[in-house]
Amino acid sequence: MASPASRPMTADDRSARDPGFLVRARDMGVRRGERWIVRHVDLDVVRGQMVCIIGANGAGKTTCMKAALGLIEISEGSIDRVQSLEVGYVPQRLPFSPTLPLSVRRLMTLTRGFAASEIDAALAAVGLERLGDPPLTTLSGGELQRLLLARALVHRPDLLVLDEPDQGVDLAGAELLFRLVEKIRGDLGCGVLLVSHNLRKAVDIFDDIVVLVPHEHDKRLSDIEERLKASRRNNVALE
Amino acid sequence: MLDDFFSRALIAGIGLALVTGPAGCFVVWRRLAYFGETIAHSALLGVALAILLDIDLLFGIFACAFAVVLLMYHLERRDTLPADTILGLLCHGSLAVGLVMLAFFPNVRINLHGLLFGDILGVSPVDLLVVWVGGAVALGVLWWIWRPLLAATVNVDLAAVAGMRPDRTRLVFGFLVAAVIAVAIKIVGVLLIVAMLVIPAATVRRFSASPEKMAVAATAVGVASVVGGLFASAEFDTPSGPSIVVAALAMFSVTRFVRPNRA
Numbered sequence: 001m002a003s004p005a006s007r008p009m010t011a012d013d014r015s016a017r018d019p020g021f022l023v024r025a026r027d028m029g030v031r032r033g034e035r036w037i038v039r040h041v042d043l044d045v046v047r048g049q050m051v052c053i054i055g056a057n058g059a060g061k062t063t064c065m066k067a068a069l070g071l072i073e074i075s076e077g078s079i080d081r082v083q084s085l086e087v088g089y090v091p092q093r094l095p096f097s098p099t100l101p102l103s104v105r106r107l108m109t110l111t112r113g114f115a116a117s118e119i120d121a122a123l124a125a126v127g128l129e130r131l132g133d134p135p136l137t138t139l140s141g142g143e144l145q146r147l148l149l150a151r152a153l154v155h156r157p158d159l160l161v162l163d164e165p166d167q168g169v170d171l172a173g174a175e176l177l178f179r180l181v182e183k184i185r186g187d188l189g190c191g192v193l194l195v196s197h198n199l200r201k202a203v204d205i206f207d208d209i210v211v212l213v214p215h216e217h218d219k220r221l222s223d224i225e226e227r228l229k230a231s232r233r234n235n236v237a238l239e
Numbered sequence: 001m002l003d004d005f006f007s008r009a010l011i012a013g014i015g016l017a018l019v020t021g022p023a024g025c026f027v028v029w030r031r032l033a034y035f036g037e038t039i040a041h042s043a044l045l046g047v048a049l050a051i052l053l054d055i056d057l058l059f060g061i062f063a064c065a066f067a068v069v070l071l072m073y074h075l076e077r078r079d080t081l082p083a084d085t086i087l088g089l090l091c092h093g094s095l096a097v098g099l100v101m102l103a104f105f106p107n108v109r110i111n112l113h114g115l116l117f118g119d120i121l122g123v124s125p126v127d128l129l130v131v132w133v134g135g136a137v138a139l140g141v142l143w144w145i146w147r148p149l150l151a152a153t154v155n156v157d158l159a160a161v162a163g164m165r166p167d168r169t170r171l172v173f174g175f176l177v178a179a180v181i182a183v184a185i186k187i188v189g190v191l192l193i194v195a196m197l198v199i200p201a202a203t204v205r206r207f208s209a210s211p212e213k214m215a216v217a218a219t220a221v222g223v224a225s226v227v228g229g230l231f232a233s234a235e236f237d238t239p240s241g242p243s244i245v246v247a248a249l250a251m252f253s254v255t256r257f258v259r260p261n262r263a
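If you read the sequences in order, they're chains F and C.
As numbered in the numbering used here, residues 1 to 239 make up the first sequence, in order.
As numbered in the numbering used here, residues 1 to 263 make up the second sequence, in order.
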């Protein structure tokens, strides 16, 4: 798709490179065996916008996010991503084996090397500049969460993705984290895709919210509608 | 110097330890000890197949080990059975099939004891070449996949988002472990090879501040075990493969009493 560098760039090329969104999903669905984990999802993440995926446990929030990143295959619909999209991914937890000795600064260069100054800046951006270089096993849940955010930041992402960052953090900690993400969005001008089940928080902060309803609800809703219709008909018949 | 069987044993053992040190760290980090056992046990089937097809034993062991890695890789992706159940099936299944097959060749004499416990004092100059050239290739591959493999070990999704291919890396590492074990069987045997992978890494974990330092330290412990074990086996006239493992175990036990500088 990429045009040769020697040719002057036309408006067409530019729009091909910057289609106005970072990630776009249309009627996306993921099926495991006979069961649909998520279905009929539309989603747009634009640069500078914060988008939240909300839903109850088992509604397929994480699946939806992973599909949007291309980590799992989709079963129907489409997903488009900008070419060479730099994603900063903040996983929910980091449950690797304790036999692996990892320190704070070693984690920062896990997938790519960075200069010490870049690492310092990323750590400072999440308020961990005075942490030093202790083993990860000694960090608190909140510290690890912010460290994972710094690890994503050091890549200077176009798109920051967070998987339930408010999980396992207390209310004040969650508040702090959301503010931090908002500030980072302002500083980097990146898009943000965040998975959460905290609807009230989401309404406050986010530009767009994708609400996932468990598939069973669909069925239950239609069941109820059917029953309503049936009862009305019965009523008519009785009358 | 290569004319002397003891020198050849030392050189072969050291060559092996240089690879089992760093590879063994990943075996520990990724909890692959049982996977290693399975590869090792499948060697018996490899030997039986080699005799059946009249090909080189090492080639049969290699082919069988690689087949187990591929089979494991595909069975795991379908996730109908837990990984350790699949391993148990392959591990003891291949061992049993191998032993049954060998029974059909009553005229073929194979050194079963040597296969199970190693025959390091019997390594030939050609074996030495296999160990060192194979070891160099294995180390080169490990160097090449180090960063993606480490990233995937910490978190598969982190690695995938960074544009790495965790599945492919896992498969490459599986082949690497299979190759190392296939070569090592001559030295420490089917039943003891996993000890060479696991014990040095376990010994140095508490003293290591980074994955890379742990890999270097584990290599040092492995080399020391080979040297110590071989000299002890000459001194006390004990079997050499088990002596090497006992030396490694001794180092593990003794360092339990040493307080590390940092947690």
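Because the hints were derived from the structure by calculation, they are not lab data.
This structure is a prediction, so every number in the text was calculated from the model and none was measured.
It is possible that part of the hints are untrue.
Think about it this way: if two alpha-carbon atoms lie no more than 25 angstroms apart in a straight line, the pair counts; the simulated SDA-like pairs of lysine to any residue are [as the list claims (entries may be wrong)]:
no.	chain 1	residue 1	chain 2	residue 2
1	C	K213	C	M164
2	C	K213	F	D133
3	C	K213	F	E118
Would you check the hint for C/K213 and F/E118, treating anything up to 25 angstroms between C-alpha atoms as holding? holds, 24 angstroms
For C/K213 and F/D133, compute the direct alpha-carbon distance and say whether it is at most 25 angstroms. holds, 15 angstroms
With the threshold set at 25 angstroms, check whether the alpha-carbon distance from C/K213 to C/M164 stays at or below it. Distance of about 24 angstroms is within 25 angstroms: holds.
Violated hints for the displayed structure: none, as all numbered hints are satisfied.
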